[in-house]
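So the protein sequences, as listed, match chains A and B.
With the UniProt record's numbering applied, the first sequence covers 1 to 979.
With the UniProt record's numbering applied, the second sequence covers 1 to 530.
Quick caveat, the hints were computed from the structure, so don't treat them as lab data.
Watch out, some of these pointers could steer you wrong.
[Stated by the list, open to error] Lysine to any residue pairs mimicking SDA-like chemistry, simulated, CA-CA at most 20 angstroms apart:
no.	chain 1	residue 1	chain 2	residue 2
1	A	Lys-749	A	Gly-890
2	B	Lys-351	A	Gly-15
3	B	Lys-351	B	Thr-323
4	B	Lys-351	A	Ser-851
5	B	Lys-351	A	Ser-852
6	A	Lys-43	A	Arg-4
7	B	Lys-478	B	Pro-318
8	A	Lys-64	A	Ser-82
9	A	Lys-712	A	Ala-649
10	B	Lys-351	A	Ala-45
11	B	Lys-351	A	Val-756
12	A	Lys-712	A	Arg-461
13	B	Lys-351	B	Ile-321
14	A	Lys-311	A	Phe-260
15	A	Lys-749	A	Thr-879
16	A	Lys-43	A	Gly-222
17	B	Lys-4	A	Gly-822
18	A	Lys-47	A	Gly-222
So the chains spell out like this:
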Amino acid sequence: MNPRVTAIIVAQQGGEHLARTLEALRLQTRRPDIVLAVDNSVKGAAKPQLLAFGPAQIISLSDKITFGEAVELAARVIPVASSPDDFLWLLAQDSAPSADALASLLGALEVSPSVGIAGPKQMDWASPDHIREFGLTLTRGGRTVSLVTDELDQGQHDNLSDVMAVGANGMLMRQSLWHELGGFDSHLRDVDDALDFCVRARLAGHRIIVVPSARVLTAGDGVIGLPEAVTVRARKRIARLRRSAELYRRLVYVPGGTVFWHWLGLLPSAIIRSLGQLLAKNPGAVGGEFRAAAAAGFSGGAVGRARRSLKVSRRAQWSSIAALRMSPAEVRRRRILARETAHIIVHGEKRPVHFFATGGGWSVLALAAVSIAAFSPLLGAANLAGGALLPLGASPLDLWQQVGYGWRDNALGVIGAADPFAGVVAVLGSITWWQPSFSLVLLWFAALPVAGLGAWFLASRMTERAGIRAFVAIAYGLSPTLIIALLDGRPAAVLVHLFLPWLFFAGIRSARSWSSSATTALLFAAVIACAPSLAPALLAVWLGSVILTGRYVARYLAIPLPAAVLFAPLFVTQLLAGNLLGLLSDPGAVVGYAVAPSWQVALGFPTAGLGGWFEATAALPWAAPAASLLVLILVGVVAALAIAGLFSAHPIRAQIALGISLLGLITAVMASGFEVAFAGGEVVPLWAGAGLSLLWLGLVVAAATGMSVLRKFSVYPAVVGIVAVSLLAFPLLVTMNMGAAAVFAGNGKVLPAYVVAQAQLDPGVGTLVLTPQPGGGLGAILARGTGPTLDGISTLVTTRISFSTEDQRLANLVGNLSSNSGQDSVAQLTDLGIGFIVLTAPQTASGTPASSAAQSASNRVKTALDSNPDIDTVGVTDTGLLWRFAGGIGTAPGAQMPHSATEPLLFLIVGGQALVIVLTLLLAIPTGAPRGDIRPKRELVTSGIGSGRARESDSAKTSDDIPVGASDPLAGENDDEQN
Amino acid sequence: MTSKISFLRASLTGFAGLVGVGVATVVVAAACLLPLPAYTAVTSPVEVLPAAGEQSRVCAGPLLQVLPQVGDTTTYFAAGPATIFSDAVGATVNTRQLDAVNVTQSGSVTAPSVLTVPPAGEADTQPKLAGMQLQQVATEDIAGLAAAPCTDASSEAWLVGGATEVGRTTLLLLSNPTAVTASVALEIFGDNGAVSTPGATGILVEPGQQRVLSLAAYAPNQISPVVHVISTGGLVHAALQQSIIRSLVPGGVDIITPSASPNTTQIMTGVALTGLAAQDSGEKGLVINDLEPTIRIAVPGAEASDVVLTVIGGATEPVEIRTTIEAHHTLQLPFTGITDGVYTVVVTGSKPIVAGVRSVQAASSDGVVVVPVPVSSAAPATPQTPAAGGGEGFNGGTSGVAPQQSQAAQPTQSSPTITGGDFAWHASSLSLTGDTLIPVGTGPSATLSLYNPTSASITATLASPAGSDLTIVIAAGKMMTVPVSSATRYTLTGGANLHAALTYAAVGLGASVAISPTNQRGAAITVFPR
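Chain A extracted, bound-state conformation:
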């Protein structure tokens, strides 16, 4: 009997594609017996063309329907299949078949009755020698894989025959099969409809083959399947729909007993895959994961219908088609190939940095040598002390317990949010986990070279000239503000200086990659955590970036998010306390400094004394003016180069750098006027050095731009700049060796050794540390255990402007202890578990002797405690005079922290912060994953980078579809879904 072929052509648009398709149809060597056209175009735009072709019937529909529904409609109007040799040929407006396509397909079907469906080789519309698709299969986990994608057709796949499934485009099937299986699943609207149909056909006992000699062009108009994605948004949508279809099919295919468990697993798998998407720098796909899971999970009974229909039609076991699935080894091979391709795309254009070749190593080495020489008194130290330096907690666990929300040591302890700086300290201390405090020693020695390294890499983004890079590295590494922070013992300021170049290094690249954007966000949070006073300036820079960045603004928008999340609890607390400016306070121990006049700040010195120049020239006549002039000239050299940058070939860069520099200056000058933190009773201004780090970075970068004017002679100004900055820093660099630095090698103990020894036995024992104030008052700190730590200090405590009843209670105890008093101090000390009292040297403004009021307060405390018969004098210690109260033990009721009150908030706050940081971290970790969204596929084909090769190796569709690293835990369990 003569086979009867009914061609169904679905058109959604008229035009050139349709014309070419109809023309190809007309030129078929074996023309279809009946041609049915479904005109689904808007306002019937395709109708004239279809009419001109003259099909048997035109079904016109104004509402847009899917390809499956269109075929179903058309299949209803044709006569019922009377024999197995009645065929349906599915075509769309953009499926121009080669002249012998139908003949070849038909031939293949006619010779083997077991074959139910035959698919052509789908070729690219624009370049017809490339295969778009040639057979589909499933992985073990159920993911759809195209066997061949975007390959030049050299006949390499022509031996392919039996496949799991074929695409709908140009598919020739037995008409009876369509009715037997009930057509395409209406729930799979655009994705996997043909695949699902083919799988059901397979299970119904039919074979499915590809016919290499049959070729059908396909333009990807979106009539069959989804349209070719050109925008990021469309790519995201495709990924989502594919995932949704995959999950839906899984629910349909799995054995009945396990459906519920698979349904339950939808959400966890979406969460885990989302993390994978972040690792793959694909944060935009996260929403899609959840929407896909929701769409599959709440299909409105479609799963049930599909399962029933499958049950009815199924004749064969799942195991019978297992061999047609893609093997895991093949999946892996394709993934590796895809990754290699992506690497070529991502890194192919990257300029190598040449760290060693252009002298980066030498600059860093020189700075390391300077650092070791300058801080040689600290060599061999296990701990640092002096200034704002305090030891870190005894173990990383202690450090991390200080992060987030919880118990803050102060008067009698308060529950509150931690400074974000505690997180920075925790990370720092975890580097030397065996002895966290040692990390500060490393930081001190590494500060100069690491600052230089960061600046060098920043410079490598701007210039290839070794001289200029060296200048940037050395000038930033020898920045006076950094050295002063090191000499004065300000770890937060040192960290800011080290972070800033990396912040801009990553920030510059943020527009181009999610990884850089997330790295920038983390560094932004770290910088703000170390110096909240930099927040206004950096937010201004951020706002400028957001405004100036056009297309990739999304990657900038979220940069302040981690910082905001970390500061949110603190913000709320300070808001409620009516002390919002307290947020600006420098974290860590509060130590005052001699505020420099504004002009000295503008020259880059946060503290008075012009970086030691006044002292160095003290012996000379006209010392102060001479030193000022010299410093002005030295800084002027750099400033003049920066000004020259404005007239260079990169004026915008110089303008931005100088702008940032000026923001830093304003920050620094204003910081010295903002006094928000208290050291005992004295108000201490913000550290001006953080702003100066920003100033110096901007100035150095602008100067580097200025040097580039001289092109290959730029090495001369670079040398001049290096000499000027080195000379400028010289008095500071010798300060520590002259013994004038605040920092010294400590023993890691803040409290007297006697107390520390006791605290190791009784970690809860309280030590009252009393410090006479210049005004005659007493600063009182209640330390528990071995004493205050850098991570334990909270700005909530140091900036507090009002005192709680608990504080008043402690104050009252202190007042009475240091008085001739009738109060029963024994009961109080016992209740609070205070075992020791330390009277430290009076607090002084820098460089002045203790005031007489402080002296008399000191005497008063000493006298009162000495004559208190309940308190034993221990004696003089490094820290101060020590008394002991034998009844004070750590298990006292007043020494316990109230656990219960903290926990709900603790979990909420710590959980929320950890989530944001971990997600940002996942996004920031460079995984080298192929990035589907790096550029549209079309660009890939036409780009100059190995276009041909790229096409060959990018054979799998995985790059858009499932990024490497996104693992689906359920996929593995589903290996047996066919049973």
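We have chain A already, so just place chain B on it with the hints.
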């Protein structure tokens, strides 16, 4: 065309560059010159008024004479009891005696007294308590008038005075009124620097005891010692008793009470100087002769101090002397160009210093001192003290006057006596803090001196129980003397920041009581809990 574009671009860059330079200049200038917004957080510190506790004032005890040595231990005997005159507000004064272990009992009261008042019930305010002792003796060994305030025991005391040359006896009186053993260390500075004092540490003073030590044992042959008494454990009341014998004639006696702790400013008021006309023609250099009044200054710190000495009189212009004192050294400066009168001496140092002043009252030309009859008749009949008084014993509030007078008269029964004059040590005082009780014991021509070191005039009221309130206005930087009645309990109100001293003077007799705020450890203290 291209050249046109590049020219345009170059001019644009140039223009933008100039604008950039301008903006940068303006911002830098503005940052350097303009007053930028500033903010200073303000906290309200916690002012703690200690719960009222028992208060005690320790008096130095009666004047002592060295008992001719028997065996190895030196013992002393009292030259009669000292008159104690006290006043309290809000409580009754109790008195107990310490155990003077080195002093042989000689019948009458020979031990130092401790005046105490219990905490004033539930009242928040600390009761006030003040006392002084006065004693006039005229024996073969010691003669003269000695007065001293009864003060709080402390852990540290700076005693400026005394001498250990031949004929000069200086005793260190250490009393421990507390319940804790005091371990005392001495640090002695002299005109040749710090005196090496082996054995001057770990001097134990048991609770409730007084120990008497001879300063010469630690620092012999010192013209101008300054003693730093450091006590750990219990607190001690430290004082020096200096007596002079010049060729068998007693040349005066005084009790030296602690000066203010090292500070860059030291103020001694109520310095009554007499006979300067005779001195002035004499030596002009450093004072080595204890017949001359002098200002003794010590620099306890490790750095030399420039010192400016200002002598302020009631009416005359201040006189200044400048010098430098080496570290750990003491120096005695003369009064030059000054006429007789009552003065305030202000010493300022570039480094912390301690200071005291010695005034000298020469005997009358015949060397006979007529011991004045106690001026009980000059005092109001019986002071009407408020109900707070009325204690027992000879120093009770309301009724204590009469017995004191009789005791005070006791040692003077053998008048007149030949003496070589008297001297008085003026300790530097601390500025007053609030209402101050000034009990004035019976003695010759008592004068209250008040000095205002501030830059604003101060108006204070001196109230006596008799009811006649005296309003005193003291101009900035000026001093004023007010004659006061003996055996009268005065109260000075509104006198915060003033320096005050009580001076007794007669021909060949002199004594001074520096009035410093008492119970400083009961005052409110500011605490900053962090």
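* Which earlier hints turn out false for this structure, listed by number in ascending order? -> 2, 6, 8, 10, 11, 17
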